[in-house]
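Line by line, the protein sequences give chains A and B. Residue numbers 1 to 702, in this note's numbering, belong to the letters of the first sequence in order. Residue numbers 1001 to 1445, in this note's numbering, belong to the letters of the second sequence in order.
If you're looking for bench data, these hints aren't it; they were derived computationally from the structure. The structure displayed is predicted, hence computed values, not measured ones. Do not take every clue at face value.
Partial list, computed: chain B residues near chain A (C-beta under 8 Å) [stated by the list, open to error]:
no., residue
1, 1077
2, 1183
3, 1185
4, 1214
5, 1241
6, 1243
7, 1244
8, 1309
9, 1330
10, 1350
11, 1354
12, 1365
13, 1369
14, 1373
15, 1396
16, 1405
To give a feel for the contact side, a few chain A residues facing chain B, derived at Cβ under 8 Å [said to hold, decoys possible]:
no., residue
17, 19
18, 26
19, 38
20, 44
21, 45
22, 205
23, 206
24, 207
25, 208
26, 210
27, 212
28, 213
29, 533
Ideal Cβ positions, reconstructed from N, Cα and C, are used throughout, including at glycine.
Chain residues, written in single-letter form:
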Amino acid sequence: MSVFNQSRSYIIRILFLLVFITILAQLFNLQVLSGKYEKLAQDNAVLRNVVYPARGIIFDREGKAILNNTIMYDLMVTPSQVKNVDTAYLCHLLEIDTAQFRQRMIEAILRNGRYRPSSFEELLTPSKYARLQENQWRFEANGFYLQPRPIRVYPFNAAAHVMGYVGEVDSTIIARSGGFYQPGDYVGRSGLEAFYERVLMGQRGVQFLIKDHKNRLVGSYEKGEFDTPAIAGRSLHTYMDIEVQQLAEKLMANKVGAVVAIEPETGGIISMVSGPNYNPNNLTGSEKKKNYSKLVLDVAGPLLNRAIAGTYPPGSTFKPIGALIALDEGIITPFYGYGCPGRYYGCGHGKPACTHAGGGHAANLRLAIANSCNSYFAHIYRLSVDSEKFKNVKHGYAKWRDYVHDFGLGVTLGIDLPGEFRPNKIREGIPDTTTYNRVYRNSWNSCTNLTLGIGQDMMVATPLQLANAMCLIANKGYFYTPHFVKRIEGEKTTDTIIKKFRTKHAVLTRIDNAAFESVISGMQDVVEIGTARVAKLPGINVCAKTGTAENFRIIDGRRVQLKDNSVFVCFAPRENPKIAIAVIVENAGFGATWAGPIAALMMEKYLNDTLRPESVKKVEYISSANLMPGWLIREQYKADSVRGQFYFKLTKDSSYIKKFIRKAQPPPKKDTSAPRPRLVFLFIGETIRQEDILRTNKKTNT
Amino acid sequence: MNGEKGKISSGVDPILIWLYLLLVFIGVTAIFAATYRDGDPVVSSFVSFKTDYSKQFFFLIIALVLGTFILLTDSKFFTATANLWYAAGMVLLFLVFPFHSPIKGTESIIRFGGFQFQPAEFCKVSVCLALAKYLSMPDLDFSKQRSQLIAAAIAIVPALITILQKETGLALVYFSFFLVMYREGLPPTILIIGFSIAVMIIASIVIEPNTLAIILTIIAAIVIFLNRRQIRKRRSALVTIVFVWLLCVGIQRFAVPFIFSSVLQKHQVERIYSLFGKDNPYTGAGGIAVQSTNIKKDNTADYNVRQSKIAIGSGGFAGKGLLSGTQTRYDFVPEQRTDFIFCTIGEGFGFIGTTILLGIYLLLLFRIVMIAERQRSVFSRCYAYGVAAVFFFHIAINVSMTVGLAPVIGIPLPFISYGGTALLTFTILLFILIRLDSDRQMVLR
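Next comes chain B alone, as it looks inside the complex (with noise of 0.2 Å):
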């Protein structure tokens, strides 16, 4: 549209570019205000490479430099080699398993030298572009079952490989990309039955197993009673209830208490109960389930949000101040640079600023919705849909775990977070879709 500007600049969504750099500011202060200690040289310490701040502002310009060349690039580049890069991240996320370097419980880091790469974290692009690209196919038929598991497996692969590493945080962010499934066309019953196991699953946290069950058969009772004469004229009626209860109580039974004492780790487990203030009962030897109640609570998964409130609250309505906070100054709240660095600006700026942050982040994804919708080309839009899914993801799940709404999950919250690889990710994410946006006119397969 702006074809007689230079090169870069045309069609280059400048609101999106604005959002972008307004973010990554805001992070490196947050994250000065979180790590810079009193009476270190502001200047100096910021191009020493030796302060965490100083270390973000770094790949600050990294990344920048990496945007301008994929707005450099043909956005044809990116759509012909989705399924190389697919083929990539796989090959570093099990490149992962020989390689990884242990640090603080997780195996997904691989370290050269002095520079650590988490693949798990770039895979999300490959993810996202993939999935565009499988969903762009010309001749698809989503509606088909065949095409909807495999559109599925593209983005669940990665987060099973993601959860052998032990992040099962950054596994989770992958099944964010059934909202541009559910956007192509993939049928609400799906996303109801996922919403429906997800409500048993949290009332099987919250209600104790045989209230819930007795619940549970009250309710069939009274869906039989309710459909009686449906159920005379046609027995599949009954069948299908008989059905619909035993998997309820088979979930609560059994598949909860399975994953919580087999396939999650004892933290998380905990931290999914403190979050509803309970106890861990599956903390008894060899996962067996003991009732807690004169088991000794343990408060560190407690402690985290309790000092992330703390932190919040007392910002009060206008804050602090820009380091002022004595929360996240004196290192009370625990992993505040990176996955509670929301701390930092809801203690310095109070209720003010997490609103108007909330704000940049809801503009930037409704954009990103609008662009998605102006897109000539199937392959954006998914891509655009992607992004939006993937950025959704990391703000409402890191803002609520350090709000008290989720449980704590090690996720990164997007140009904010200090973490050079979160960053470039986020930064070639935005990019790509920049970059794509500035060829909407175009039909891009």
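This is chain A alone, in the form it adopts within the complex (with noise of 0.2 Å):
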């Protein structure tokens, strides 16, 4: 009967068969070949979870914190469990319109779907986080919840440039680090923030979380046996005099330029300010973002440190520097003097002019500091570099020009912040050899740059590196390099980071002491009875120097002279000196009247721990001066208005041209305070300037 068709059984069977055949070979396939199924599960159901701990605490050197951690309040939401929300209301709490809050939801949903939270509004304002604080019970059944998160706090509201500020990490920083950090983390972006970042952070801590279909969190991923628990960051303690720190931000309101205080000693910094300066605070919580690109915009760049990377021509107060070079190449004696007459006709020409002229006022070195004899310097630096010891002026120079580099000018000198000044083409610092021979076309000799010995020239420094030139003559001959960090908080030998602030920099050993001591009793005799007496100070012996630098600026395409810097270089007190000051406003004139008062105010606040009530007055009257240049009302005015034009341009919507250019200032006439012939530069110092001046604007006339 069944022998009936019998044969069609096996082509059942083998029916059956290959259909199996085929789902084992797509099951292999899926299973053993295709690797790329258990990433894709590991990313369906796995949550990687960063745990951040708590930032390191700085301190300054009497134990109170200047930056420390504080808790702000993340509104988050829920979007599932929103319901029966009284949603005016909450917009009320929030300052927000319906539309605003409609929006915010269809992000967080976009964000993080509708059975996670997501963050409704970030940082709230501690007005906002009352208000909502106190209506709490109204939302928190029905999905919104506030969430505690860790931000950075400046207690004194300073230190700004120092302490640097916490971002998120961007594009370049992901890839330098090497996956070290990722999208969404977040770094010190300046200031010892950024350069003792591995410290600060402390360990990031992971935990891998299970997720559901809908993205809920339901539990730990193998009973948390791939968790790393974080470690908060270390604390570090500088040297930083909070209150000096704070006395001198008063001070440098309103001035452009830098403050930098330095214990020689230690080489540990005290303080430093840049000025313009800002609220570190406002690089934290809620308005940040705000505040951040108002800063960036700021023409006069508060952003910047002008301490580390601003540089100056150090004026006068690099003579005696280049007394001390001279001092160890033995080619001067303490005892050296100089005849003179007003001016120095060493290279024919009469220059540079002195300010004193004849009376023996430089018949030692003692004296020509004293004086700031500008004849003595410019000759002693010609002595230096056409030595006999030396083939030509360039081996001179070139040998000279080490000295000045070991003094800490011209150089990196490797301080704990990110972005101090590093020589370059453009800004040498100290100009090499092979600069003057581009310039001068090979043919130069002292003559040329003989402006060197009184710190002009090509030469420029930076605030710090007048500073610890400064503690290289309070120290006789050695340095540390500057340094904020004193030590780190259960400090392990791994910490290299901070071991080259421990070696000493003994750089000066020819010079015997009685040749240091005439250096310094001349730098005391400035402040006794020189250009320096604003400095003086009752019971302490100040040492210091006096600089009035003249300044350039490229202003509308031309190069004009502006007002000279106030330059300012002190240490005190003079038997065992505890502080070295060099400061400098910019644009503010004679060293003496600016610098010199603001260097002083920060030594008796240093030293005596308080103020007289004369100084206090004193400090009143300094703050509420403003110095800021005026032509940067008229530079602001320029980049707000090509900035709003570009984005009229790029979106064609006129109101960014009103959005940039700020209303409350009209547009400003050309700046006046700068001086208003084009060709002054080039007649420095000579009583023939008026006539030449007349003889150009007549030919340019005819």
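Take each chain as given, in its own frame, and dock them per the hints.
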């Protein structure tokens, strides 16, 4: 019976077999050959949650926290739980309208889905937080809750440039870190926050969590087997004196310039201010982005730390250094004198001029420093580079430049802050012989760059370098690389980051004590009877040097000489130096007018711990003075208009023009404080100047 | 043969019993793995009748009792009442229309009390019995077209009713009975034509309509060219070729769009298209075919299969172990205790596990075919082939859809998927076969 069509039973069996083989082949393909599904499954179900530890705290020398952590709150929302919410009331509390409310809800859903919480408003302002806290019961059951979030806080509102700020990592940081940082991580972006990032950040913890198909977290993965705990960041103890810092910041209000104060004994930085300054707390919290863009767009550059990155001609403050070089070379002795007739005629043209004439004001080194004799120091510069020890002036200059480098000028000192001055083609600090060869087509001699001896010509230095040079003099021959951090909490041998700050740099070894004493005495005379009398402190022997440096700037395409920079360096007390200060106030005139008093007040505060009543008055006077250069307003206006125009072109939206040009400021006229004549820089300090100008003007007229 | 032994065990095929027990054990374990939540007390929740695995466990006990009863029943009972079963099945199917309770898009479930019943599922037994009864009629000449049509009608009528209940997947199962008819002498041309039509439908999904029409025309022209001598002799050959060409173009141009836009539901069309990695072009209003270049792709059809593939693929060679699969444990795969239960096994036990499971199934199918061939009675043989066909269709389509080889058709994996009706139906199907087989020496009519 069943013989009929029985062969078909085999066909059916073969059909079964073929189908099963096909399925098995696909299973083999999915489960054995293709590796991607495991990764996909991990991505599906395992959430890698990074746990951020609290960052380390930064203390000043007395243990006061300059940079601390605090808690702010994010308003979080779980969209799926939002039911029966009094939207209008919530909007009222948050000062938003219902359209914005809806927009934010949509954003939250897009970011994390309906079932997982995402932030509705980040970093609530204290007033909003208080309002929400009060009404928490209204919203708690409906998907809204407040989540604490640690942020940085600067309790003294001070030391913005030193402390730096944290910000989200950008793509370059991620690329450079080799995967250490991930998008969304916060990292120190400047200051100590950036330099000691690895110390302050601690160790990030990682939690692996399981999520379900609706993105809800349902528990830990493999019972936390792969989790690593977060370790809090370590704190830093610095040399800073926050009270001196606050005072210095107050004094530098509305001024462009910088202040650096160093403890010579250790190289520890007591205070560092760059003007214009900003409140570091503006770069934390809810207003962060707005404030940051404001700072970035300010042409005065408040984010720039001029103390380490600003370069200024040191002017007369360089003179003691020039003297020490000549002494170390053995070219002069402390008793070397120069008969200055009021001008230096060594090069024939009678330049530079000197404030004093005759009277033996440069009869020896001490007197020369006290009187700040230009001729004397130009002359010993020439003596140094033209010494018979060297084949020619180029060798002599190279040797002299090495000396200056040893003083920390024209080099990167290696302070524990990012963004320090680094010599480059445009800003060399102390120019190389090749630069002079290029500029003067290989034919130059010690007369060409004569004014290097008095801290001018192409020489520039940062305030930090000047302060460091003062330490070298105060210490009589050695310095420690300036730095902020005294010790890291729980310091380990692996913390090599601060090792280099503990090595002594003994650069001047051949100068005997007496020679040093004569330089230092000269500097003390500057305070006692010379230009720096303003820095005199009762009961303390202060040594100082003022400087008044010419400076130029290209404004509207023309090189214009601006008002001189006020430069001041000092250290005190003479016998046992505790503090060395360099102050530069841009376009503020004589060194003794603004920079001197600032340094004096800081010394008084630091050494005596208090200020005398008359000093307090002086503080008020200085801090209320506005020395912001006039050209800044015009430059700001120009920059804003260009930016406004750029966005207008880009978007065809004319509101951008209004947005960028600040309404309060009418278009300022051309800066009147800058000297008018165009060619003035060619004829420095000459009486024939007026005639020359007239002559050139006539030529152009006819 | 083993008449000396007890009444039930005499003649009962032990291999089938063992395979059955093995499969239901795997089934309950898999449902447990898919739905168990950490921290639940295992033993107490197994008897609580609250969790899915507990319910399945109780259904299994009922199924075993039912199976025992079937083994105790006289085998003649099934031949005698085969037509009655069919009638009962049809009545139940029709009862669905007034009494169904709408659940998740299907209209095929009757609910009384806390109990759900799906007649379309159960009706497979009826059709299997009725078809066997019809084919085993002594005076039947199956080579006649009339009897072939009647046999086809027996299978297709319930299928059509099931389609009306929006259970296209279950309806397709009834087409598997053509395998029985094939075994009993249905001319292979019918199957070949059916297969060709299937190829045409797939081709018209995959290939752009105009291109396909041109290809068909070119093929027709080549065929005419090659057969030009025969055509010169016989005009009818040309007519046949032109007719076939017209039929193909007709299917491609009118039948497929009509089926996709009017007969099938939107989600089913999407599933079919997503299988081939294409967008559903019939999303326009009123079923007008719209080329969907700028219509946003609806990923829901895709999602299930993708998650299912991820789950199975992530199992790797050796699997993650019972209760360790992240995909199946945290509900990434939808319907994973019912239609996508295979994922749980794929993720938990890897390629080894899936191979073993498919091996067990293949063994079951081969054993059933072997049993079918050893029957003396045509009724038993037809019935056995019916069982084999139904199991084969269920296994092949269910597993294929989880690995992305077939469109997502909601049909359960025999003995393993969660669901009382399905488990009972498959048990009844298998145990009737075992009962019939134990009396294989008898000639049943």
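Handout entry: Hints violated by the structure (numbers, ascending)
Key = The structure conflicts with hints 1, 4, 5, 6, 7, 22, 23, 24, 25, 29, although it agrees with all the remaining ones.
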